[in-house]
Amino acid sequence: MPIGGFVVNAQPEFVNEVAGELSDIDDVEVYGFDEKGNIVAVIDSESSTIMEAQVKKIEGLDSVLTVGVAYLHAEDEVEKIENGELVIDNPFQNRKKH
Amino acid sequence: MSVTRRDFIKRSAALTAASYVGMNLPIGQHNVAQAVDADKWVRGTCRLCGAGCRLEMGVKNGRPVALRGVPKARTNYGYLCMKGMLFYKIMQHPDRLVKPLYREKKNQPFREVSWDQALDIAAKGFADSVKKFGSDSTAYYGSGQCQTEETYIFQKVMRGGLQTNNVEGNPRLCMASAVGGYLTSFGADEPIGGYDNIERSYCIFIIGSNMAEAHPVIFRRVMRRKLDNPDKVKIINADPRISPTSRIADMHMQFRPGTDLALMNAMAYVILEEKLYNQKFLDDYCVFRVGKDKKQVNMAAFKESLEKYTPEKAARTCGGNITAEDIRTAARWFAKSQGTLSMWCMGINQRKQGVWANNLIHNLHILTGQLCKPGADSLSMTGQPNACGGVREGGGLCHILPGHRLVKKEKLRNQVEDAWGIPRGRIPPKPGYHTMAMFQAVNEKKIRAIWINCTSPAQSLPNVTPYRKGLQSDDVFVVCTDIFPTKTTECANLILPTAFHFEKTGVYGCTERRSQITPKAVDAPGEAMPEVWIVREWALKLAKELNDPVIAKCVEPFLGKEPDCELPEAVWDEYTQKVTKGRDNDLRGATYEVLKSMDDGVQWPAPTKEFALTGGTVMKFVRGSDPMAETLAKDDKPYQFYGPAHADKKLWVWLRPYVGADEEPDAEYPLYLSTGRIIDHWHTTSMTGRVPELLRANPYSYVEINPKDAARMGVKPNDMVEIESRRGRVEMPAKVVEGPIEGMVFAYWHDMHEDRMINKVCKDAYDPGSKEPEFKICACRVRRISGPRALKPYITTLNG
Chain A
1 MPIGGFVVNA
11 QPEFVNEVAG
21 ELSDIDDVEV
31 YGFDEKGNIV
41 AVIDSESSTI
51 MEAQVKKIEG
61 LDSVLTVGVA
71 YLHAEDEVEK
81 IENGELVIDN
91 PFQNRKKH
Chain B
1 MSVTRRDFIK
11 RSAALTAASY
21 VGMNLPIGQH
31 NVAQAVDADK
41 WVRGTCRLCG
51 AGCRLEMGVK
61 NGRPVALRGV
71 PKARTNYGYL
81 CMKGMLFYKI
91 MQHPDRLVKP
101 LYREKKNQPF
111 REVSWDQALD
121 IAAKGFADSV
131 KKFGSDSTAY
141 YGSGQCQTEE
151 TYIFQKVMRG
161 GLQTNNVEGN
171 PRLCMASAVG
181 GYLTSFGADE
191 PIGGYDNIER
201 SYCIFIIGSN
211 MAEAHPVIFR
221 RVMRRKLDNP
231 DKVKIINADP
241 RISPTSRIAD
251 MHMQFRPGTD
261 LALMNAMAYV
271 ILEEKLYNQK
281 FLDDYCVFRV
291 GKDKKQVNMA
301 AFKESLEKYT
311 PEKAARTCGG
321 NITAEDIRTA
331 ARWFAKSQGT
341 LSMWCMGINQ
351 RKQGVWANNL
361 IHNLHILTGQ
371 LCKPGADSLS
381 MTGQPNACGG
391 VREGGGLCHI
401 LPGHRLVKKE
411 KLRNQVEDAW
421 GIPRGRIPPK
431 PGYHTMAMFQ
441 AVNEKKIRAI
451 WINCTSPAQS
461 LPNVTPYRKG
471 LQSDDVFVVC
481 TDIFPTKTTE
491 CANLILPTAF
501 HFEKTGVYGC
511 TERRSQITPK
521 AVDAPGEAMP
531 EVWIVREWAL
541 KLAKELNDPV
551 IAKCVEPFLG
561 KEPDCELPEA
571 VWDEYTQKVT
581 KGRDNDLRGA
591 TYEVLKSMDD
601 GVQWPAPTKE
611 FALTGGTVMK
621 FVRGSDPMAE
631 TLAKDDKPYQ
641 FYGPAHADKK
651 LWVWLRPYVG
661 ADEEPDAEYP
671 LYLSTGRIID
681 HWHTTSMTGR
691 VPELLRANPY
701 SYVEINPKDA
711 ARMGVKPNDM
721 VEIESRRGRV
731 EMPAKVVEGP
741 IEGMVFAYWH
751 DMHEDRMINK
761 VCKDAYDPGS
771 KEPEFKICAC
781 RVRRISGPRA
791 LKPYITTLNG
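Those sequence lines, one after another, are chains A and B.
Here the first sequence is numbered in my numbering, starting from 1 and rising by one per residue.
Here the second sequence is numbered in my numbering, starting from 1 and rising by one per residue.
Chain B on its own, in the form it takes in the complex (with noise of 0.2 Å):
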């Protein structure tokens, strides 16, 4: 490269960089959009985390060479993280899978098939199992990582087709406890407004998130927030483990595992207490609820079942390191800001009180009337970038059908069917199995063809040793489609390799209702195709291995499109075109042609292109915002609250009582354990354990553990400990930091390695509604076993 051609590059690295802060650079930038002479710059979504960060990829010679921020995005105004600008290097990672891979007896080696011998073996497979056992011998685990029209298609080939509901996704355990909230407290699943409230609020809470290290770009904008006015607004972290997100806070609530229930019904006593709810807001949108027959209540019940949280009790409740008087503080900021906003994500979520846990976050928007207006929302934040668009609109779940649909209801059913031209009745009444029950019942035989999408649960899933019994079982035919090995692949009969993210088109759904495109830009690698093509070829070889011409049926609309750009787009226009309308998350204004036209995408309802065009609906009910509170309108008022779970249109204010986990600490294991993620890694680490550059710089698991714990068992930094519950042991490094509360320590759960896996280690505990499991809590103990060792990294390879 000439210096000339180099100092270019660099002055536009300068001034792309400084255009995103308004800062004006010394240079010229003559020429500046020429430096980089890529062929061209595709636009399209971050492959990892929910913020939805928008990127371009310059495309040269076919192949990725450069990345940059989309500046106008609303999502990530250019910015990204280093784990999503180093993303492109696994693209041409040699671990690639490119071939399909079988092996009858899960003990045999792999061997390579043609695609013909791969889609006959896995609709062999599925056919038998149907004729032998049933249709519910059947399962679809899927992933908040497949792109909507994947997860669209794969679960109306299992539900039209092969008449089973037994569709799952890996959201069940991240964001499942935040959809229960939603629907519960304001009747419609996902968040009202989006990130466009932070630049407008004036209290941010937010609560069991580390959104320093896991939305990175979305705690920037935090951040900037907080900076930019210091003294007007005021951020309060409450969370039991003290992260780099405490560093921009004006107060840290730190408290004991699982005792949020209480502090939140205490910061609510205040509210009532001291009169800061918002009466006329209540008497127009609100009813109190209570209990499993969801009886109402009036708001002086509510009060008499607050009386047992005076900050004074919440405060000893919480562990001693909260006050009363910060309680009380807090609620007052909470309640008398300009524009609240909460954002939590796992902390709260991955809890057997999950659902509760949500629905006293809304319940103090509700008193206070934080909802509706700039800056004060009520936002859970998403893990996965198509947990969302993907899973919980999609119909990825089992008990869910595409477009917010209840399996259960009838009508909702008959309308999907009429939607997909095949008979009344095809569609199974019945809910499937739901993510833990599904491998429970994996283990006990009752499901014998399972097909993993795009996931690892032989890692991820909690107390993940019992439940890997039945994948690795040869009396259950296991399908994985994936882009590398896993711990999962390792348990398959057939892998199906995959096209890539920018090998291939697709829409994700972030967090804030926001769907976005991201079209192939290059040539997947070997012989790697997208999992829509894949679905297709399966159904028509399974309508014949079954005799059942309604298989097929369910893939007409897509014959003879090939399989980058017109297959996911014919795909994506039954879906929102016929699915989605009329639903609260109408999406038939965002066709692809709008979607590729947009900078940011479509966050719906945005039910015509001429209203997608101007970016959708951000907030939600709200007349003027929302053109579905003007349809569904049932009075005058400015706000609508249609969402479809409620029949009455109201918000509900649930009377929750704090209740703990399900394993609290004892005398035999003293310690709470929680687990979370690192900057660098992201979930499993399949994809980024192989970037050197990110598993260098975390190259294992290691826990952390407060000072006065760790002298108390003699462990001193770097220390090999064991970690033990009732459920299994693993073994890592001490990290001793003023991180986690005393009487706790904290994991990190990425790391493959069989002896360092702290998902052994985790309770499988879920909550009755949501079905979400107690990643974040559980009951162990720690031992030092040995002085600092030298410790090996490890993922995993095609044969274990």
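Next comes chain A alone, as it looks inside the complex (with noise of 0.2 Å):
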């Protein structure tokens, strides 16, 4: 269950707006904005796939023009993976040569 925290840059005229359009994603949270279209959010997901699907969610919003990541926290994923609960998933298990 990673959590990342980001800083999600908007266009300044419309942070407000993004902000709110950011807290109705699930798993996101906002903590705070400024003039600047600064905004400080955190996501706390299932998995990292969950957490990669919101940022892309977030990278496609109008007026959305960049999303930096500043901290990750992964260890109980990686506990998981070690102790066999979590498999790394991997698309290409049982492929075929193509």
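Worth flagging that the hints you see were computed from the coordinates, not collected in a lab.
Among these hints, one or two may not hold up.
Stated by the list, open to error - Straight-line distance between alpha carbons at most 30 Å, and here's what the computed DSBU-like set of lysine-lysine pairs gives:
#, chain 1, residue 1, chain 2, residue 2
1, A, K56, B, K294
2, A, K56, B, K226
3, B, K226, A, K57
4, B, K446, A, K56
5, A, K36, B, K336
6, A, K57, B, K409
7, B, K72, A, K36
8, B, K336, A, K57
9, B, K735, A, K57
10, B, K336, A, K56
11, A, K56, B, K373
12, A, K57, B, K553
13, B, K553, B, K446
14, B, K581, B, K596
15, B, K294, B, K409
16, B, K409, A, K36
17, A, K56, B, K735
18, B, K373, A, K36
19, B, K553, A, K36
Combine the two chains into a complex, taking the hints into account.
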């Protein structure tokens, strides 16, 4: 269950609107924003796969210019991989030669 | 995990992010530092692109558990991109190579062998080739992803031990034209300034770079500069394709592929016509030159050479999407701003006229004096994390020795031979094969043993199909060192598993002359070993096979050192203290001790520890910033262009005419094809393709087609299309988008699948100076073959 800290950069004139849109996305919590268009958000998701999907959603919002990652904690996921509770999702398992 | 601890971690994540933008959050900071109970945080550099972002890996019980940016690092100020943040996942990937593998014939399956057997096989393979076909039948092909210590020790054994200059690397495919441009315009390789200028610039000219996807963290700094100063800072984005980078531009100049030489000559025309040049800067520091014999001419001759590049004519040449007034406006913004910064990448370098295109960017800076002052620089962005530090500086190309020395100069060869303690004359005077010639020589069986380290030419070469032929032949002994199977390990006899980033210690040098260390933080899996150990042990066996003590002498200073820390440090010490001494990339002050103490490493020149501890040289050639501008000063002027390539110690403005691409569209192949990188993937996807989150975001390549072209061809979004050139064909889905200029298609190049590997279509023509191939432009035709089709992603396995 990874936790990531992000700075989302929105066009300054739309920062309020974008902060609202972020809050509507599952697992995303907005901690603050400023007049320059910086939005501090945390994503606390079930897996890094879900986190990546949420980041893609954010990147796809109108008025979002960049999404920067500042921090990622993934200890739980690493533990699960090591304990065999989580198998790294490998889309190539059981593949045939192309 | 308890709720309390989880909340702590979330607050820690939020506060870390907030600290980067100076935001105060209404939550207490008490005890946040303890929220993540990692045993240790190890500071290093991101493994992927050339930006040089610094990060810290949190390690608990010997495994990576967290990553965070380094806020004080002057490269990224704490920010990272998602692909950089997720690279830890591949460290534990089940596809990691963990045992040496061997097969005699390439149609046989691999079998596991011991390290001792593997190194015997590698030594015998190379020794047999030397005995039967001579030293030049052997070759090393490395990478801008190898650490500097690795490139340095490999090339030392090849040149000083095996006596061949067949030492090359994949930076030939991405940066060689930038090297040629810097040497011919400024007299010295690598940029004068660095990222520091972004926050001081008032005009940023981005050409041939989609930095929003290729260098997202650096793009963030450019974006911030613009958004914080919307009225003062102008951004010009010049590119045949509208990309995410264009979103922050005041002006997008969309030109027909290859016509940027005309565009930049037209900007120079305006600068002269409107007297926007800096006469004093020109008088003090510059000369004008033309032709292969570098004949010096005067400014009137330069002006005359530009007469055919009036903005009106150039606008027509560029394809009609740019007006003459756009060109005039861009030239005025460029010349008149308090500080103009140009940034470019593969769109300029991967061209048959790559060196000339680089020269024309530098011309604009020299003419206007937009150099050596705050905010002004001509900055080539690097594609790989250590193309600059390892390959350009460490002697990783066939014509250069470590410390920016040319192979062909006896005095410089002797300096290196003396530093290594080997007999003079040991390094041969003739440069080796450049990349395209090297793989042609493999095809022609002139090369019989090749060591390919940390790169995959069987996917990354242009017009790749014919160049695989030799690698696949049983007449050529192929050794690969890597962490994962690739299209190239499919051609190997011997695969040696290597330690990955943070599993060994070494230095990367990024875009801005900055060397940064990444120490070992966790153990490598299985029997994977650092390359420096592999080379040392191989060289000792090779010395016995060839009964040549000089080969052993090449690794003698490194004997007895443990491989994770002591050995790379000994290699780095020899390189910096003995070989960079007195050269323009003097790194004597940047010892491991100094580098470990720095948040973000050292910019050379840095001749002393005291100076290195300040961070080194922010602006090269400027007195007060660059210590060598004092020690090598030839007069009392504030700027001293002491670079080794210009005896006159001047900057050179070049007369370079517009010449188009090697292959222009015609009736049979009516479209331009260009290729590039997508944000989630890096190069051949041997790493990012194994991070499921990144792969799922972009599971396969696709081609962007302008809506007008798509309508003409009857192509709808997601239809499958065939892209065909005179060299090959691929099939991929179409994305219909206002991106590429009409008449051009743009395909992503990361896909490993044989049906979608766009490098089969690209042309292998190369720049006559830099020998860098023209990946960015060739002629093709596109045909709809079906509606949307379900496609599967593909990553190669050990046996293909």
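Against the structure, the hints come out as follows:
no.: 1; hint: A:K56 with B:K294; result: violated, 51 Å
no.: 2; hint: A:K56 with B:K226; result: holds, 24 Å
no.: 3; hint: B:K226 with A:K57; result: holds, 24 Å
no.: 4; hint: B:K446 with A:K56; result: violated, 49 Å
no.: 5; hint: A:K36 with B:K336; result: holds, 27 Å
no.: 6; hint: A:K57 with B:K409; result: violated, 56 Å
no.: 7; hint: B:K72 with A:K36; result: holds, 21 Å
no.: 8; hint: B:K336 with A:K57; result: violated, 40 Å
no.: 9; hint: B:K735 with A:K57; result: holds, 19 Å
no.: 10; hint: B:K336 with A:K56; result: violated, 39 Å
no.: 11; hint: A:K56 with B:K373; result: violated, 39 Å
no.: 12; hint: A:K57 with B:K553; result: violated, 57 Å
no.: 13; hint: B:K553 with B:K446; result: holds, 27 Å
no.: 14; hint: B:K581 with B:K596; result: holds, 21 Å
no.: 15; hint: B:K294 with B:K409; result: holds, 19 Å
no.: 16; hint: B:K409 with A:K36; result: violated, 54 Å
no.: 17; hint: A:K56 with B:K735; result: holds, 18 Å
no.: 18; hint: B:K373 with A:K36; result: holds, 27 Å
no.: 19; hint: B:K553 with A:K36; result: violated, 60 Å
In the structure shown, a violation is registered for the earlier hints numbered 1, 4, 6, 8, 10, 11, 12, 16, 19, in ascending order.
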